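Protein chains: 4
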Amino acid sequence: MTTIQTGTETQGQAHEPAAHPGPHGYSSQKAEHLKRLRRIEGQVRGLQRMVDEDVYCIDILTQVSASTKALQSFALSLLEEHLRHCVAAAAEEGGAELDAKVAEATAAISRLLRT
Amino acid sequence: MTTIQTGTETQGQAHEPAAHPGPHGYSSQKAEHLKRLRRIEGQVRGLQRMVDEDVYCIDILTQVSASTKALQSFALSLLEEHLRHCVAAAAEEGGAELDAKVAEATAAISRLLRT
Amino acid sequence: MTTIQTGTETQGQAHEPAAHPGPHGYSSQKAEHLKRLRRIEGQVRGLQRMVDEDVYCIDILTQVSASTKALQSFALSLLEEHLRHCVAAAAEEGGAELDAKVAEATAAISRLLRT
Amino acid sequence: MTTIQTGTETQGQAHEPAAHPGPHGYSSQKAEHLKRLRRIEGQVRGLQRMVDEDVYCIDILTQVSASTKALQSFALSLLEEHLRHCVAAAAEEGGAELDAKVAEATAAISRLLRT
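Protein chains in written order, with the UniProt record's numbering: chain P, 1 to 115; chain U, 1 to 115; chain S, 1 to 115; chain L, 1 to 115.
No lab work stands behind these hints: they were computed from the structure. Computed from a prediction, not measured in an experiment: that's the story for all the values here. Misleading hints may appear alongside valid ones.
[Stated by the list, open to error] Calculated pairs, BS3-like style, for lysine-lysine (alpha carbon to alpha carbon, straight line, at most 25 angstroms):
id: 1; chain 1: U; residue 1: K69; chain 2: L; residue 2: K69
id: 2; chain 1: U; residue 1: K30; chain 2: P; residue 2: K35
id: 3; chain 1: P; residue 1: K69; chain 2: U; residue 2: K69
id: 4; chain 1: L; residue 1: K69; chain 2: S; residue 2: K35
Using the sequences and the hints given, assemble the complete structure.
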């Protein structure tokens with residue numbers, strides 16, 4: 001499934017030692033990310049159960065807060081990897097490339113703040 | 001459990017007195033709430049797919065923002081019902097009962113803000 | 001202006017019927033609210049000083065977070081009073097009046113969440 | 001009105017070569033940042049006036065949301081500069097230096113999200 005959609009690059013070979021972080025940097029933590037997301041999926045399913053069983057609203061809201069926090073925590077870990085790999089790579093290019101990546105990351109952070 | 005995702009379910013019968021607002025006021029919108037939550041569950045599963053397929057981090061972050069927003073939107077609709085039913089009921093009692101309900105609701109809103 | 005910060009103020013006289021909560025319920029805590037807001041104003045002025053003195057960005061961001069938190073904390077205390085007084089008063093009227101007040105409060109909470 | 005309440009400083013002179021970007025990258029936008037912050041200070045003073053004049057709670061909450069949004073918008077512009085300058089500079093060093101800067105930026109973003 002990790003058939004990374006590389007364009008014309010012969011990246012597969014180049015990257016050979018699969019240990020390396022992959023195209024977007026987050027691949028090394030893929031298992032960790034998937035585990036977090038499955039836990040969040042479980043929380044959302046738990047919310048359905050609570051609604052179905054007429055649990056007291058305030059208790060449901062507490063669980064919503066926990067799920068939102070878990071999602072934001074996941075976003076932060078993804079963002080950290082993104083800064084470490086993609087933005088850092090762009091920094092080596094410098095100029096317009098770096099500006100574009102930084103603007104893109106800032107817009108993503110803005111969306112996280114606004115939700 | 002929560003065998004809810006049935007389309008043609010005979011749920012109406014199961015819950016029989018479906019008309020009455022239920023213990024916490026939100027029961028009348030139960031079907032609507034469950035629909036929202038199932039959509040959010042689908043979004044979280046979509047996130048897993050994105051991570052699994054090495055989608056670009058920024059695109060994943062955009063989807064996280066959408067899921068967080070959907071969760072907060074669900075929380076707001078639950079909160080609105082809570083204010084309309086539980087807090088209003090406490091207002092009729094007045095005094096300590098009202099104070100307790102308002103403090104409880106405010107604490108829940110604070111948790112939503114802090115996440 | 002707003003020479004409010006009197007501790008032992010004779011405000012009681014000024015407002016005569018000191019018992020009643022004032023037009024919007026928050027008047028009884030007016031002095032407290034103004035004290036908070038002046039502290040926040042001081043924080044924002046501190047931010048200007050930090051920028052002016054080229055303080056390290058991350059330290060400025062930490063101070064921004066503190067100011068935002070203080071503003072939200074002020075908002076929550078205002079909201080709590082609003083629920084206790086205005087929404088509770090509307091609950092006695094019931095019906096459309098209550099619905100309108102609850103919808104209005106929910107919209108305000110939504111704006112706080114979205115900022 | 002830019003008579004920033006600096007103490008006895010002769011800061012104007014001290015900063016003389018105002019053209020250069022300064023130690024943390026944000027100096028080039030210093031004037032812009034200070035203008036934003038003074039506007040926010042004005043908003044917070046407006047809030048005090050509103051409380052003092054017993055303005056309706058919901059209208060005050062709307063103004064709090066605007067101030068919080070303005071603060072977060074300021075934070076984002078500061079963060080963008082920080083990523084462009086400080087994190088990019090660290091990327092050239094690479095290794096531990098980059099990791100430290102990225103972790104520090106992520107922690108700052110986390111604090112902004114949690115407020």
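Problem set entry | Indices of hints not satisfied (ascending) | Checked against the structure, the only hint that fails is number 2, while the rest are satisfied.
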